[in-house]
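Asker: Chains as they are written, first to last, in my numbering: chain X, 1 to 107; chain E, 1001 to 1116.
Since the hints were derived computationally from the structure, they do not count as laboratory data. Ideal placement from N, C-alpha and C gives every residue a C-beta, glycine not left out. Errors might be hidden in some of the hints.
Estimated spans, in silico, between C-beta atoms of each pair [said to hold, decoys possible]:
no. : chain 1 : residue 1 : chain 2 : residue 2 : range
1   : E       : Ser1001   : X       : Glu20     : 36 to 42 Å
2   : X       : Pro107    : E       : Leu1116   : 35 to 41 Å
3   : E       : Ile1012   : X       : Gly16     : 42 to 48 Å
4   : E       : Leu1073   : X       : Ile56     : 42 to 48 Å
5   : X       : Asn64     : E       : Gly1016   : 47 to 53 Å
6   : X       : Thr68     : E       : Thr1079   : 34 to 40 Å
7   : X       : Asp62     : E       : Thr1017   : 44 to 50 Å
Listed here are the chains, written in short residue letters.
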Amino acid sequence: AQRVTQPEKLLSVFKGAPVELKCNYSYSGSPELFWYVQYSRQRLQLLLRHISRESIKGFTADLNKGETSFHLKKPFAQEEDSAMYYCALKGAQKLVFGQGTRLTINP
Amino acid sequence: SAVISQKPSRDICQRGTSLTIQCQVDSQVTMMFWYRQQPGQSLTLIATANQGSEATYESGFVIDKFPISRPNLTFSTLTVSNMSPEDSSIYLCSVGWSGSRWETQYFGPGTRLLVL
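With the sequences and hints as input, model every part of the structure.
Answerer: In structure tokens, the structure reads:
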């Protein structure tokens, strides 16, 4: 079975501080992991995917198969990063989402 | 990517009635999906809309309650039948392309449904 766990429902950090949003997954096959973000009053949008190994808006995420994790990181948080973040796992053509973490960046 | 629109954007309905939600994409896509996001919850896949054949439903969702159509590669509908207050939710359409290593899903703006 596919399962994604985001242990923090809420995360609050100060502007300029490092951010790490945790994501752990469970999947017997070879996983494809994604981070989606939803800003206030906007639609859900793709932030990044593990196979591209890219940095988007200063965010990076590394797939750690040993720890079955795909944590999202940014070294210096900005106020515009405040949003809802969802980790998602794709296996067998189906996306399974975690519960989401609401990130608030305080000025 | 793709431009995805949904109609209606929101609605308030009476229990026992049905509502059909439309999803339109500006380009042909292989995969179309319908998700539900209940208040304070994550996204849950309802079904995969297959072009020219019956939709594939996830556990806990049935065709009688959520009939889906997909007449072509750019359009799909989801009907929420015989609604109850528990159906109050955001319903999201998602699209993707299969067969590519870079396969990614893109989401529509959602339809916010309130059942009284």
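Asker: Are the hints correct? Go through all of them and say.
Answerer: Tested hints:
no.	hint	verdict
1	Ser1001(E) with Glu20(X): 36 to 42 Å	28 Å, violated
2	Pro107(X) with Leu1116(E): 35 to 41 Å	40 Å, holds
3	Ile1012(E) with Gly16(X): 42 to 48 Å	43 Å, holds
4	Leu1073(E) with Ile56(X): 42 to 48 Å	29 Å, violated
5	Asn64(X) with Gly1016(E): 47 to 53 Å	50 Å, holds
6	Thr68(X) with Thr1079(E): 34 to 40 Å	38 Å, holds
7	Asp62(X) with Thr1017(E): 44 to 50 Å	48 Å, holds
In this structure, the earlier hints numbered 1, 4 are contradicted, and the remaining ones agree with it.
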